[in-house]
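**Q** These are the residues of each chain, in order.
4 protein chains.
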Amino acid sequence: MSGAANQKISDFPYRITVPTRWGDNDMLGHVNNVAYYRFFEAIVVRFQMEEVGVDWLKDKISPQAVETLCRFHRPLSFPETIEVGLRVERIGNSSVTFEIALFGEGGDAPAASGHFVHVLVDAETLKSQPIADDQRKIFEKFS
Amino acid sequence: MSGAANQKISDFPYRITVPTRWGDNDMLGHVNNVAYYRFFEAIVVRFQMEEVGVDWLKDKISPQAVETLCRFHRPLSFPETIEVGLRVERIGNSSVTFEIALFGEGGDAPAASGHFVHVLVDAETLKSQPIADDQRKIFEKFS
Amino acid sequence: MSGAANQKISDFPYRITVPTRWGDNDMLGHVNNVAYYRFFEAIVVRFQMEEVGVDWLKDKISPQAVETLCRFHRPLSFPETIEVGLRVERIGNSSVTFEIALFGEGGDAPAASGHFVHVLVDAETLKSQPIADDQRKIFEKFS
Amino acid sequence: MSGAANQKISDFPYRITVPTRWGDNDMLGHVNNVAYYRFFEAIVVRFQMEEVGVDWLKDKISPQAVETLCRFHRPLSFPETIEVGLRVERIGNSSVTFEIALFGEGGDAPAASGHFVHVLVDAETLKSQPIADDQRKIFEKFS
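Chains as they are written, first to last, in the working numbering: chain A, 47 to 189; chain B, 47 to 189; chain C, 47 to 189; chain D, 47 to 189.
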């Protein structure tokens, strides 16, 4: 993620927009640090549901977060609409790492960047599971 | 609820304390209006779980919110700890109405007051169910 | 608000759409009762900012919530997009009552309906202030 | 942070307890990944306010988050009460890194661990500022 500060939204193959809510701002008048992870979650969940076909309520094997990280470069503030970009950064045996960046209005550089690591877990045995080939191909398409 | 502004925490037979969180405040520097309902929910859920024995994840018949109301009398602010009081205001055939008040630190009068109406619902048929006698007695104890 | 269950989104002169977030759902798999008030807040804040010109961070006299109410008719669930409708229900001397309804996807009837009462308050004296004529006219346009 | 999985709450010189809220759980029945950062924030904010004397609303120079990270080892669930431990991991010229771990009920090992990096920033110039000696001494006491 070196050079994260130079990235543009167009560098990310998967993108969504998320309107901020009044309550995302904290008493300092900016989007609260915790809320950034709501935006991370929004794009990862959407990607897994729509591109990979994950259904967390039904699937016996489903992705679980094992690590998230965010670097805060500059403030975002309600009522801005956030552009969120995702790129598959690394595909492991049973894990996938998504690189994510948040962009505010009127700026090329990301306001925040980070990653979100999912591991495939069997809900019964709680053991990690290998990523199937068809899923791997989807991840590769967005890497 | 006339005279709500004159109530004290000791007027309520069921009470909990809830520490505020940084993120409960909004950009105006006070607890956000929406977060008051988090405190309402905290006491209603705790009461139903601990006094009535409700288990929302297992019970086939469980209480569902049909109406909530809050009147905001004066601001609350992080890092205050909130005292929350609950009283059973009305027991219907299948519904129970909880009167709730929130008290900040260093003040006798409630910062907010309102109610929360639960209806017993069968998860399969989605029809309302009569309150059983043993539950009714619990509600009466707190009325 | 009699007949709220028969209302359609087209009955409301001011409307927005709000995408749900994963975290809006609670462990019962539906949008949590508290989150409904986030949608109420979203439309009231947007209306006051865009139609009335309120700036809560700068204005000396600004609207403060004194009462909110919500009736829950049927569940909403992530990833639904919510349509929110607002109508000015009552204009008092210093207060305005907004009637609000939430509509899920694929249904004419509201999933929830309620109101949000704002009172104009002077930030210094904390006293309520009369609604100016130009604001009153805006409210009348949406009543 | 090697060996994080072996840490106990007693390894951390600063500790608080945080009751979970119903809404911290998501539809999978566990505390949502995002909410872990609420617990991180709770202890960092409390530490900075009570031990260091930070007042974010008044101070011209105040700590701002530049990076947070969380590793999720095992689930937490409402209605558990969380024990949160904090240790000063690294003191830089203008930054301080807090190591944080979350512990659920009835378990020695942390449910999650991570860090939170604060940088001292001048609100006007937006430039980072060196940590004063008296603050540095406080940080050293908790390292």
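Heads up, a few of these hints could be off.
[Stated by the list, open to error] Some but not every residue of chain B turned toward chain A, in silico, with C-beta under 10 Å:
#1 Ser-56
#2 Asn-71
#3 Ala-81
#4 Val-100
Simulated from the structure, these hints should not be mistaken for lab results.
Remember, it's a predicted structure, so these values are computed and weren't measured experimentally.
Yeah, the Cβ is synthetic: ideal placement off N, Cα and C, and Gly gets one too.
**Q** Decide, hint by hint, whether the structure agrees.
**A** Results of checking the hints against the structure:
1. Taken as an interface hint, Ser-56 (chain B) does not check out: its beta carbon lies about 31 Å from the nearest beta carbon of chain A, beyond 10 Å.
2. Residue-level restraint check for Asn-71 (chain B) holds (minimum Cβ-Cβ distance to chain A is 4 Å; threshold 10 Å).
3. For Ala-81 (chain B), the shortest C-beta to C-beta distance to chain A is roughly 8 Å, which falls under 10 Å, so the interface hint holds.
4. Taking 10 Å as the C-beta contact cut-off toward chain A, the hint placing Val-100 (chain B) at the interface is violated, the least distance being around 22 Å.
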